[in-house]
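Use these hints to put chain B onto chain A, whose structure you have.
Chain by chain, the residues:
There are 2 protein chains.
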Amino acid sequence: MSIRVGIYGYGNLGRGIESALRQNPDMTLAAVFTRRDPATLSLSTEGVPAVAAADAPLWRDKIDVMILCGGSAKDLPEQTPALARLFNVVDSFDTHAEIPAHFARVDESAREGGRVATVSVGWDPGMFSLNRFLAGAILPDGADYTFWGKGVSQGHSDAIRRIEGVLDARQYTVPRPEALAAVRAGEQPSLSTREKHTRECFVVAEEGADLSRIEREIKEMPHYFADYDTTVHFISAEELARDHSGIPHGGVVIRTGKTGKAGEHSHKIEYSLSLDSNPEFTASVLVAYARATYRLACEGAVGCKTVFDVPPAYLSPKSHGELLSTLL
Amino acid sequence: MSIRVGIYGYGNLGRGIESALRQNPDMTLAAVFTRRDPATLSLSTEGVPAVAAADAPLWRDKIDVMILCGGSAKDLPEQTPALARLFNVVDSFDTHAEIPAHFARVDESAREGGRVATVSVGWDPGMFSLNRFLAGAILPDGADYTFWGKGVSQGHSDAIRRIEGVLDARQYTVPRPEALAAVRAGEQPSLSTREKHTRECFVVAEEGADLSRIEREIKEMPHYFADYDTTVHFISAEELARDHSGIPHGGVVIRTGKTGKAGEHSHKIEYSLSLDSNPEFTASVLVAYARATYRLACEGAVGCKTVFDVPPAYLSPKSHGELLSTLL
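Residue numbers (our numbering), protein chains in the order written: chain A, 1 to 328; chain B, 1001 to 1328.
Please keep in mind that the hints were generated in silico from the structure rather than gathered at the bench.
What you are looking at is a predicted structure, and each value in this text was computed from that prediction instead of being measured.
Note that beta-carbon positions come from the ideal geometry of N, C-alpha and C, so glycine has one too.
Among the hints, erroneous ones may be present.
Stated by the list, open to error - In silico DSSO-like cross-links for lysine-lysine, where the CA-CA straight-line distance does not exceed 30 Å:
1) B/1219 with B/1196
2) A/318 with B/1261
3) B/1258 with A/150
4) B/1150 with A/258
5) A/318 with B/1196
6) A/261 with B/1150
7) A/74 with B/1261
8) B/1261 with A/258
Unchecked claim - To be clear about the criterion: a stretch of chain B counts as covered by chain A if any three or more of its residues have a C-beta under 8 Å from a C-beta of chain A, and this derived list gives those stretches:
9) 1098-1109
10) 1170-1180
11) 1227-1237
12) 1270-1284
13) 1319-1325
What the hints assert, rightly or not - Label-pair ranges, simulated between beta-carbon atoms:
14) A/44 with B/1194: 54 to 62 Å
15) B/1155 with A/227: 45 to 53 Å
16) B/1154 with A/22: 42 to 50 Å
17) B/1193 with A/246: 32 to 40 Å
18) B/1177 with A/193: 42 to 50 Å
19) A/227 with B/1112: 54 to 62 Å
20) B/1177 with A/46: 32 to 40 Å
21) A/182 with B/1194: 33 to 41 Å
Just chain A, with the same shape it has in the complex (with noise of 0.2 Å):
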């Protein structure tokens, strides 16, 4: 029978899910959950319900696994722990410092509910951090870097908008090549922010903006760009709209570690992602995950887990048979 599927919020994020569920024949899209008058939604599913968000208690039975789909800042922190008492639930909640509190608030949540909260699922949060994790298992003495993009950053692109006189904009993370180069030569350096990444912004201003000074509020805004060397294009509404439409992400996670009796032998492990849509890589993994969630909770599982916990057998629609005589 197929994994009755619901979405939870319906943006980016949400319509990736709506996507990649299409290629994934043992589920189904059950419903879509919006806090948006449900009339104004037009689903590309066809015969799927778009219901209003306070509604979802009734669809309890109704759907195995709810993938949540809202922000990180304001929405997660309180929708998967209530959503985690009636459903099945899996997100990507990507505030990195605040995880292992939202891992409690879900984990007690999902407990009292009986159900099983995949969290923090993704790319990064997710597969890079699986495999950061299983390379220094692999090789404890031994250092990591992650390095992200190229790619755009939306927070960095919010940031830039909420600037006087800026119309639109968008912002690119960028590795510094010698900083990789060293560090895929096992040189195991030091790097600061600064070091790592560079950042890209494009600019429509308005019309007789002062753009000196838009550059200046970007390159010194703390957090955001004052630790970074950071290069602004002002260009044209049309321009952005042609070059920049797309929201392409990637990177790459490197761990460079030694053996032998001494250390002598150097071995690197890299692992790298090159996207051209950010949200719907990151549909994908969630739905492999929210595959595994609905298949730990079949088995009497509840609680919160993470890409940590979750055995890989349970991500495929595979037969262990088929795994092993195929993938192995």
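Just chain B now, with coordinates in the frame of chain A:
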């Protein structure tokens, strides 16, 4: 309390395990088991006994997990099922076509003995399998490719050594750069064996041997070389010792796939290894899975496992809280 580990077989892999255990303070080498005369073994860990393989059953209560370091052709098909009745075990069985049958035999033994056995651990099968699997679960609409090398193939080197007139040899498997480039570009090419890798051989011949016959015998050897473009270099024993004494290896697993309403977005997931010492890296993977195997046994699990079945968290000595706060 420290996990007490036994090493069964003391060749390159066994010595790699011995080194790797020193990097993992939660594990202790308890004994090395050998089919040779134990008195002839010179271990590099002080105070650890070398024990005759036949006496292994006497160590049943003194070993928490036994790491089997024999070969896949003759040793492991017998040893793993036999020892899985007495010990929790880990092996690196790598004859891909035989894995399902090996799994079934080991599973039966381990269940009879109430033990956990993790088989086919290493990098391929092992970490490469896990990455092929994860990438396929995330991007179902895609294709994956595995390239090996540049690295030494022991089996192919041995095959050359069996040719009349050959004193010693080293064979490297080398990915074709143009094939790698096409795969990385997302072209999902159909690649024949010949189009993926070349084979490079360094051969020390007996004085006066017929070099052109040796070269022809290598290049025409079925299964090993006939399907590849093979280069043969004749060098001196000194050159072989100077330039080719290491056992480096590595490779890359790449999956490209599409997402979106109409597959309009492309993604690339790439996992690569660059290893100075193939046996020492394999040993490091085995040690991490030995920890996981013992932990699973402590929780009451029984039977045969693979890298697909082990929850990642079990591989690390770190607490779950530490994983959440530092690695997720």
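Holds or violated: residue 74 of chain A to residue 1261 of chain B, with C-alpha atoms at most 30 Å apart: Holds. Residue 74 of chain A to residue 1261 of chain B sits at ~28 Å (cutoff 30 Å).
C-beta pair residue 1154 of chain B, residue 22 of chain A: status relative to the range 42 to 50 Å that was hinted: The hinted range 42 to 50 Å holds for residue 1154 of chain B and residue 22 of chain A, with Cβ atoms some 45 Å apart.
Verdict on chain A covering the stretch 1270-1284 of chain B, where coverage means 3 or more residues with a C-beta closer than 8 Å: Three-residue rule met by the stretch 1270-1284 of chain B, so holds; n is 12.
Pair hint outcome, residue 1261 of chain B versus residue 258 of chain A [Cα-Cα no greater than 30 Å]: Roughly 45 Å separates the two Cα atoms, so the pair is violated.
Consistency of beta-carbon spacing, residue 193 of chain A to residue 1177 of chain B, with hint 42 to 50 Å: Since residue 1177 of chain B and residue 193 of chain A have Cβ atoms about 34 Å apart, the given range 42 to 50 Å is violated.
Assertion that chain A covers the stretch 1227-1237 of chain B - criterion: three or more residues, beta-carbon distance below 8 Å: violated (count 0)
Distance restraint between residue 1150 of chain B and residue 258 of chain A, which requires alpha-carbon spacing of 30 Å or less: The hint holds at about 19 Å.
Range agreement (Cβ of residue 1194 of chain B with Cβ of residue 182 of chain A, hint 33 to 41 Å): Given range 33 to 41 Å: holds, Cβ gap about 36 Å.
Outcome, coverage hint (the stretch 1319-1325 of chain B, chain A; C-beta under 8 Å; three residues): holds (count 5)
Range hint compliance [Cβ, residue 44 of chain A to residue 1194 of chain B, 54 to 62 Å]: The hinted range 54 to 62 Å is violated for residue 44 of chain A and residue 1194 of chain B, with Cβ atoms some 44 Å apart.
Distance restraint hint 54 to 62 Å, applied to the beta-carbon atoms of residue 227 of chain A and residue 1112 of chain B: Since the Cβ atoms of residue 227 of chain A and residue 1112 of chain B sit about 60 Å apart, the hinted range of 54 to 62 Å holds.
Proposed proximity, residue 1261 of chain B with residue 318 of chain A (alpha carbon, max 30 Å): holds (24 Å)
Of the numbered hints stated above, those contradicted by the structure are hints 8, 10, 11, 14, 18, 20, listed in ascending order.
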